[in-house]
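Engineer: Chains A and B, in that order, give the protein sequences.
With my numbering, the residue at position 137 of the first sequence is 137, and numbering never jumps.
With my numbering, the residue at position 586 of the second sequence is 866, and numbering never jumps.
Calculated directly from the structure, the hints in this document are not laboratory data.
Be a bit skeptical, because a hint or two may be false.
[Unchecked claim] Calculated pairs, DSSO-like style, for lysine-lysine (alpha carbon to alpha carbon, straight line, at most 27 angstroms): (1) Lys749(B) - Lys246(A); (2) Lys94(A) - Lys677(B); (3) Lys532(B) - Lys159(A); (4) Lys142(A) - Lys746(B); (5) Lys508(B) - Lys749(B); (6) Lys536(B) - Lys589(B); (7) Lys746(B) - Lys214(A); (8) Lys416(B) - Lys360(B); (9) Lys798(B) - Lys159(A); (10) Lys52(A) - Lys159(A); (11) Lys628(B) - Lys175(A); (12) Lys159(A) - Lys628(B); (13) Lys749(B) - Lys142(A); (14) Lys628(B) - Lys142(A); (15) Lys89(A) - Lys677(B); (16) Lys808(B) - Lys214(A); (17) Lys246(A) - Lys746(B); (18) Lys628(B) - Lys214(A); (19) Lys416(B) - Lys451(B).
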Amino acid sequence: MTLGFYPGCSLKGSSREYSESVLAVSKAFDINLEEIKDWNCCGATAAHNMNKELSLALPARILSLAEKQGLTEIVVPCAACYSRLTVTKHELSKDATLKAAVTEANGLEYTGSVSVLNIVQFLDKYITPNLENRVVKPFDHKVACYYGCLLVRPHEILKFDREEDPQSLDVLMLKAGATPIDWAFKTECCGAGLSVSRTSSVGRLSGKIIGDAKDRGAVAVIVACPMCHSNLDMRRDAINSYLGEKIDIPVLYITQAIGLALGLDRKALGLQRHFVKVTV
Amino acid sequence: MSKIGVFVCHCGENISATVDCAKVAETAGNYDGVAFSVDYKYMCSDPGQNLIKSAIKEKGLTGVVVASCSPRMHEPTFRKACAEAGLNPFMCEMANLREHCSWVHEKGEATTEKAIDLVRILVEKVKYNHSLNEIKVPVTKTALVIGGGIAGIQASLDIANTGHKVILIEKDPSIGGHMSQLSETFPTLDCSQCILTPRMVEVAQHPNITLYTYAELESLEGFIGNFKAKIRRKSKSIDEKLCTGCGQCTTKCPVKKIPSEFNEGLGKRTAIYVPFPQAVPNKPVIDRINCTYYIKGKCKVCEIVCPTKAIRFDQEDQIMEVEVGAIVIATGFTVKQPDFFPEYGYGKYPDVITGLQFERLASASGPTLGEIRRPSDDKVPEKIVFLACAGSRDPAKGIPYCSKICCMYIAKHAMLYQHKVHGGKSYVFYMDIRAGGKQYEEFVRRAIEDDGVNYVRGRVSRIYEKNGKLIVNGVDTLLNAMPVEIEADMVVLATAGIANEGAEELAQKLHISYDPYKFFAEAHPKLKPVETNTAGIFLAGACQAPRDIPESVAMASGAAVKVAGLFSQDELTREPIIAVVNRQAPPVYSSCVGCFLCVSACPYQAIEKEEIKNRNGELIKLIAKVNPGLCQGCGTCVAFCRTKSIDIQGYTHEQMYTEVMALLNEY
């Protein structure tokens, strides 16, 4: 079976291991993820702060290319890309003028026929039904599932999970053999783009997240967003200096954790690429 | 030959600004059968009405068409004028030139043409009008009050004190409602139970009030003055006549750990229980879901200890039918429950409680005997946070409205806490302080200024537990949106007031309307606040919208006056706009073929079967017959009738056909 795949910039750069683990898990279930040819940037935070039409035209071009390529369903692992693509679909579906303007700007036909899956929706639909039978090494640890801001928001558009107390990652990890903890920072801000401009703020915000996960006995944090991952993993020094202690809980992508439960090769899952050593 | 009078009204400039009224009158004057036609500035005024009256007398008019505003506005006015001049009021029709024409169109030729058409239609219709007489129906002078909270209690007492009978039903084992759960009441801080319980006792002892607790409305039929209500009296599993309320059974019952509804789950009760010591009636009921006997088939401790042998395990629900003339609905409200606030941890952290739970903690009759102790470990909280608008005014939560009572009771809670816990610190997070009401604003200021409650203007994003404390993350919008973090021992959520579960079903049983939030709808938001759109059914208290005690009581007294007004008459008059099945000379008797599709279509069970017999008493045919007392004139049967044998009086097939043909200029 073949599904479309939109990696976005992060999965080709700082979070290559997310891409590697998504592809590895898919392969294990005989799912071929076909990359959208000639894809472009989703616009990220920059575009929608500058120009609304541009912020819709960029994701629309990706969706048009997917349509052209004959894809009906695409997997978008990055939470920010997913948000942009879904919001675009929503906006264009309710505004014909905008849709016409965007189509003209891109010079590509856009019908809105492609459905967009985030990583949890993809796993739920194609992996979870057979996951329990395929687990060879249950991920038998206490984990803190961290959703961040974009995976489940805005709820009016995404209509996915509960925005204030999401459960979908917890359910997945339960099936992979883990014990998800009940904690308070599932959707609190990690600091996001302040990573570069105000690293100390990220240290404080992400510090509270890591601190609470550790206090409640988690041995790993599970994420589904490259930005969250880089703040919680790469900015661990800033976090530790905010907390005044050295915390070495690793941060895993959901697909890495599931990959481990499936008994996939650690290197194929890109576990060696993290700043905080993955010991679980 | 008809002699019809046409009276075209200018309605000041409301009609004449866009319609050429003189031309309308002139054109109408030329129609066949029109004997008189005139236009006038205000037809509803005294001189206007006199114009109609004198024309009827002088010209001997047989029908009148008033071309003015909506019949909803002035049909009664003009029909009364006709009646005063000796014309049957149902020979008067209105053409709506204002709402249907002048208000919705620009000035011009076409607008006047439309006005002329509207008049023409009615002129042709009125030629087929017949004299009709109003229907008289008797009034059953007993009121049914549903719900025994403060609103239901007040309504019952007020109606009973006018000398009329009242049947009060309450779904719980005792009357008292939410007010009986409250500690003190704003803005005077008088004890809720102290002012309520005397009223409860008065209800129980009033010779005109029959009280049924543990009872619910099963179904309702009939109409104003003549309702038939079926009431389900749920089995209490005791013989109330024998029970003396001694309390032996409740003391000895071995099932002691059921969360008490009265204490909002903060206290426990037994399986056979009286909800609270001041309950009316002060006699227990058995909660069959939790009683060991009903679960396992043995125990019967209560039966053994009962000195009067009053326990009845085999008692069944009773369905009782009562006839009442009016109904007051006073079913109250409820508050939003767990799982609604995952971000606040309600239902997860035991020390995050609702306002109603705090009332029980602060109440002298509550589980802590009035001491503020937190549920998790019984400790006195040193720092307490109150959250106003937990769910209210939050479109994302589906509740865009203000729950109205929270600002005041939160101020009261914080004040009570400061009075009871010296040195304690209290915080209130609020959006706006809505303290409109007599002495309300002063009360809130007292909490802030005299009792030192810290009011923080801003919302709370999350509450979580850390090292035994509840961390409250919020923002202070008066300090440039500065984040605020408070380590609290207890948090009280002023959860949104919402309609009761089952409000929708009750509304459907009663044939009354409700709003999108399932609160019952009043007939007019300003001028008919206690009436519903169904005649004879009235509203009191928080079943209509969140209401505080003074408002609920005022509404209840208002509803009671409406009921008393209704009961001051021996007969009610109803418009004769009802369905009739035609009758013809033998051998046809009626075009009705007796298919009785109309019987199943009628929403009011107003259609019966009638036997037609010849002189020898032999049955010739069975036809439909409309009970004029029950028919509401909705016309559903007319649409269903395959042989067009049913007509609505005043809106017959003949009249409708004539109107359409007039519009097509076929006359």
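Engineer: Does each hint hold? Answer for all of them.
Structural biologist: Going down the list of hints, with the structure as the test:
This hinted pair checks out: Lys749(B) and Lys246(A) have alpha carbons roughly 24 angstroms apart, not beyond 27 angstroms. Of the pairs offered as hints, the one joining Lys94(A) and Lys677(B) holds, with about 23 angstroms between alpha carbons and a cut-off of 27 angstroms not exceeded. As the CA atoms of Lys532(B) and Lys159(A) are separated by approximately 52 angstroms, the hinted pair breaks the 27 angstroms bound. Restraint check for Lys142(A) and Lys746(B): the C-alpha separation of about 18 angstroms stays at or below 27 angstroms, so the hint holds.
Between the alpha carbons of Lys508(B) and Lys749(B) the distance comes to roughly 57 angstroms, so the proposed pair goes past 27 angstroms and is violated. For the given pair, Lys536(B) sits about 22 angstroms from Lys589(B) by alpha-carbon distance, which is consistent with the 27 angstroms threshold. At roughly 12 angstroms between alpha-carbon atoms, Lys746(B) and Lys214(A) fall within 27 angstroms of each other, so this suggested pair holds. Restraint check for Lys416(B) and Lys360(B): satisfied, since their Cα atoms lie roughly 17 angstroms apart, inside the 27 angstroms limit.
Restraint check for Lys798(B) and Lys159(A): the C-alpha separation of about 24 angstroms stays at or below 27 angstroms, so the hint holds. For the given pair, Lys52(A) sits about 22 angstroms from Lys159(A) by alpha-carbon distance, which is consistent with the 27 angstroms threshold. Proposed proximity of Lys628(B) and Lys175(A) is supported: the alpha carbons are some 23 angstroms apart, at most 27 angstroms. For a cut-off of 27 angstroms, the pair hint linking Lys159(A) to Lys628(B) stands: about 24 angstroms separates their Cα positions.
Taking the CA atoms of Lys749(B) and Lys142(A), the gap is near 23 angstroms; set against the 27 angstroms cutoff, the hint holds. Between Lys628(B) and Lys142(A) the alpha-carbon distance is near 19 angstroms, which keeps this suggested pair within the 27 angstroms criterion. For the proposed pair Lys89(A) and Lys677(B), the alpha carbon gap of about 24 angstroms is at most 27 angstroms, so the pair holds. Taking the CA atoms of Lys808(B) and Lys214(A), the gap is about 61 angstroms. The hint is violated against a cut of 27 angstroms.
For the given pair, Lys246(A) sits about 20 angstroms from Lys746(B) by alpha-carbon distance, which is consistent with the 27 angstroms threshold. A threshold of 27 angstroms between alpha carbons decides the hint, and for Lys628(B) with Lys214(A) the separation of about 20 angstroms falls inside it, so the pair holds. Taking the CA atoms of Lys416(B) and Lys451(B), the gap is near 35 angstroms; set against the 27 angstroms cutoff, the hint is violated.
In summary, the structure is inconsistent with hints 3, 5, 16, 19 from the numbered list given earlier, while agreeing with the others.
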